[in-house]
Amino acid sequence: MVDQGLANRDTLENDQPLLLAESLSKSFGRIAACRDVSFALYPGEVLAIVGESGSGKSTLLQMLSGQLAPSAGYVSYRMRDGVTRDLTTLGEAERRFLFRTDWGFVHQDPAQGLRMAVSAGANVGERLMAVGWNHYGRIRETASDWLTRVEIDVARIDDAPRTYSGGMRQRLQIARNLVTEPRLVFMDEPTGGLDVSVQARLLDLVRSLVAELHLAVIIVTHDLAVARLLSHRVMVMKGGRVIETGLTDQVLDDPREPYTQLLVSSILPP
Amino acid sequence: MNAPAYNFAYLDEQTKRMIRRAILKAIAIPGYQVPFASREMPMPYGWGTGGVQVTAAILGPRDVLKVIDQGSDDTTNAISIRKFFAKTAGVATTTATAEATVIQTRHRIPETALRENQVLVYQVPIPEPLRFLEPRETETRRMHALAEYGLMHVKLYEDIARFGHIATAYAYPVKVNARYVMDPSPTPKFDNPKMDNCPALQLFGAGREKRIYAIPPYTQVVSLDFEDHPFEPYRFNAPCALCGAEDSYLDEIVTDDQGGRMFVCSDTDYCEGRQAAGHHGSLSAAPYREKAGSHG
Amino acid sequence: MTAMIDVADAQKTFTMHLQGGIELPVVRGVTFHVNPGECVVLSGPSGAGKSSILKMIFGNYRCDSGRIGIRHRGALVDLAAAEPRQVLNIRRSTIGYVSQFLRAVPRVATVDVVAEPLIVNGMARADAQARAGELLHRLNIPERLWQLPPATFSGGEQQRVNIARGFISDLPILLLDEPTASLDAANRAVVVELVAEKKGQGVAMVAIVHDDEIRHLIADRIVDVASFAAAA
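Chains as they are written, first to last, in UniProt numbering: chain A, 1 to 270; chain B, 1 to 296; chain C, 1 to 232.
These are calculated hints, taken from the structure and not from any lab test.
Take the hints with a grain of salt, since some may be wrong.
To be verified - Cβ pair distances, simulated, as ranges:
hint : chain 1 : residue 1 : chain 2 : residue 2 : range
1    : A       : Thr89     : C       : Ala75     : 30 to 40 Å
2    : B       : Pro230    : A       : Ala72     : 45 to 55 Å
3    : C       : Gly200    : A       : Ala72     : 53 to 63 Å
Unchecked claim - Below, a sample of chain C positions facing chain A; criterion: calculated Cβ distance under 8 Å:
hint : residue
4    : Leu18
5    : Gly59
6    : Asn60
7    : Tyr61
8    : Arg62
9    : Gly66
10   : Arg85
11   : Leu88
12   : Arg107
13   : Ser169
As the list claims (entries may be wrong) - Here are some chain A residues the structure puts well away from chain B; computed CB gaps all over 12 Å:
hint : residue
14   : Gln16
15   : Ser27
16   : Ser38
17   : Ala40
18   : Gly73
19   : Val83
20   : Asp158
21   : Ser197
22   : Gln261
A quick note: this is a predicted structure, and the numbers were derived from the prediction, not measured.
Ideal placement from N, C-alpha and C gives every residue a C-beta, glycine not left out.
Okay, chain A solo, but in the shape it has when bound:
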């Protein structure tokens, strides 16, 4: 028989959460866009927030990434120096610095995350220059490495992303975000506007980069296939609330809530 004292507590790795959301709520007037969301995200963990449009997942993402102040609750983040800080107590300079060093944000529309009129090399190099890199040769070399890692032909380094295809733009956006080796990347429907075949390639790339770089990722998606392929854990949102959460395969293979069962049953069989 199993002893009473199970070791669940002891076997958890002795690490601390990277990001902690505590009772996050956001109201716009009388509309509660997001209600009482709490969770902890650990280094290297990929969390998918799924739900339909209007479920509050984008509002939640904005609060988590410090772009929107919560009406109640807080988000804390363990900085690179090991100190955990409440995001609302960060000065704007600190928050913006965090955003271009230790964090990444991949937008659904690459035009929002890229400088469309500036060359790919400069798009990737910008974050380096922002943290004081001052050697053209080294910046360009690092940019070339990253283009290769995201499978963009280095011969295209001096072309502006407006000459790129949708998939290439998205891969460039990812390179631009990862060049400073962030520990946490937010992704908002990163495969949203792409063809199915292009999506698969992108997801595969993201999947391997996430594993290789031990990235923590919070990804907002309405696509359960994306959640299954990329995430360890999933939070299902409806009407501003988290209605079900757990291990991704658990939630998708054994959904409990009526809404989650509906979502899962709506996927076409592969």
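Position chains B and C against the provided structure of chain A, taking the given hints into account.
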């Protein structure tokens, strides 16, 4: 002779006080763009309305005014502004850099070294150095506030990627007093080193954009660059055809439609001064032809 | 001997909200244990809940009540109550699962699909690939296919790639869901051999096998799932 219908130097005293407050703030925060309530002036935007307002606000009866446009004292723009102040303020005017106490300029810094008690007033079309890459004013102001200047290097990076070197030849960005990145107005980058540690006060006025900024005397002004692509001032590799100067900024003058051209000092006062002192160009006033072996 | 798996009174019911909330009892009172080096085969008719039990032990299905005791790094952990990342840790270093079908990752070469569990646990890529090669070789996947993604392979080939991926790591617990279903006699024999080797290494296994012959060859004990059938 002061035209009686106008207040001294055209602007009313309240307006001048408002502009002076902006100037004082600009001097207190070197390189920072101070917003001011730019007035309608009796000339179109683009003709130096910002510079004219700054000059009007600082001019006193005993000042001696010089106005240059691209280094020249005798272009339309320079002459009309000089006449404007002669008429509305009755101040003495000059073309000699050394004699002037206030010099209003469009796109050049005089070759003659400036000294203390001189003020150089720049006419500025677009004061925001980050505008090229970031169209949102709210965002550029935030970037200045937080000293986020990575974007400035993006512009230089693009130059090198495209041309193999930093091809920005004018409006070359500088960092003032190790804090604010500033657009030195469309002066050629040849003039950038003159801004650094300059004994004279430098004021910048942008009329349409309603901004005033300043470099106080003896302030550090550094041109941005990369370690492996350091800043280099540029000038045509030729002596002035008129005065023979090899250290001045040159204008290229096309003399015919067969490729004939000559290089002359852009600073007319400097050039005339040297000629008066006996210096002569190798071609004198004759057209300079490249690769011409000898000349008559 | 200390059990590697100790399931006590586990119960599972599906509530089908989209079908008017009807309750589908799956199993209840599931109680058995598996020792190191032992292979327990779950038996019972189709629909008796064999696969569900396997998925509960893997943490893929949740339990309504009861306990799924798993010996993980020397301590007993209740998987039914574990946090998601703890379940992931346990899967990474304790429980392996060979499902019936390969969930193919597009564009990843077969040899890397097989080597991945070792690389995830820190083995150098070249060493991991070498071991993947040995296993693929034993399972008769020709070397010319190793660099191709398995998505285009036949069902049998995919199943063998899946088995190689499941058997490659040195995890102390292995769950086998119909590992020999679509294999020919030669490859079935290889799987029997692999199971025997794992037993020799002290691995605790739970298997679902329909083939009587194979069942007799690998089972140390048979647990009849019919006794856990949840009467509706």
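Confirm or reject the claim that Pro230 of chain B and Ala72 of chain A have a C-beta distance inside 45 to 55 Å. Given a distance of about 53 Å, which is inside 45 to 55 Å, the answer is holds.
Is the interface hint for Leu18 of chain C satisfied, with its Cβ closer than 8 Å to some Cβ of chain A? 6 Å, holds
Restraint outcome when Asn60 of chain C is required to lie within 8 Å of chain A by C-beta distance: With Cβ-Cβ at 5 Å, under 8 Å, it holds.
Tell me if the interface restraint on Gly59 of chain C is satisfied: Cβ within less than 8 Å of some Cβ in chain A. Status holds, d = 7 Å.
Does the interface hint hold: is Ser169 of chain C within less than 8 Å of chain A, judged Cβ to Cβ? With a minimum Cβ separation of about 16 Å from chain A (threshold 8 Å), the hint on Ser169 of chain C is violated.
Given as non-interface: Gly73 of chain A, partner chain B, CB spacing beyond 12 Å: 26 Å, holds
When the least beta-carbon distance from Arg62 of chain C to chain A is tested against 8 Å, hint result: This hint holds: Arg62 of chain C lies near chain A, its Cβ roughly 6 Å from the closest one there, short of 8 Å.
With a cut-off of 8 Å, does the beta carbon of Arg107 of chain C approach a beta carbon of chain A closely enough for the hint to hold? 5 Å, holds
Agreement of hint Gly66 of chain C with chain A interface, Cβ distance less than 8 Å: 10 Å, violated
In terms of Cβ atoms, is chain B entirely out of 12 Å range of Gln16 of chain A? 29 Å, holds
Under 8 Å is the threshold here; is the Cβ of Arg85 of chain C close enough to any Cβ of chain A for the hint to stand? This interface hint holds because 6 Å falls under the 8 Å limit.
Does the claim that Ala40 of chain A lies off the interface hold, with its Cβ farther than 12 Å from every Cβ of chain B? At roughly 30 Å from the nearest Cβ of chain B, Ala40 of chain A sits farther out than 12 Å, so the non-interface label holds.
Checked against the numbered hints given earlier, this structure breaks hints 9, 13, 20; the rest are met.
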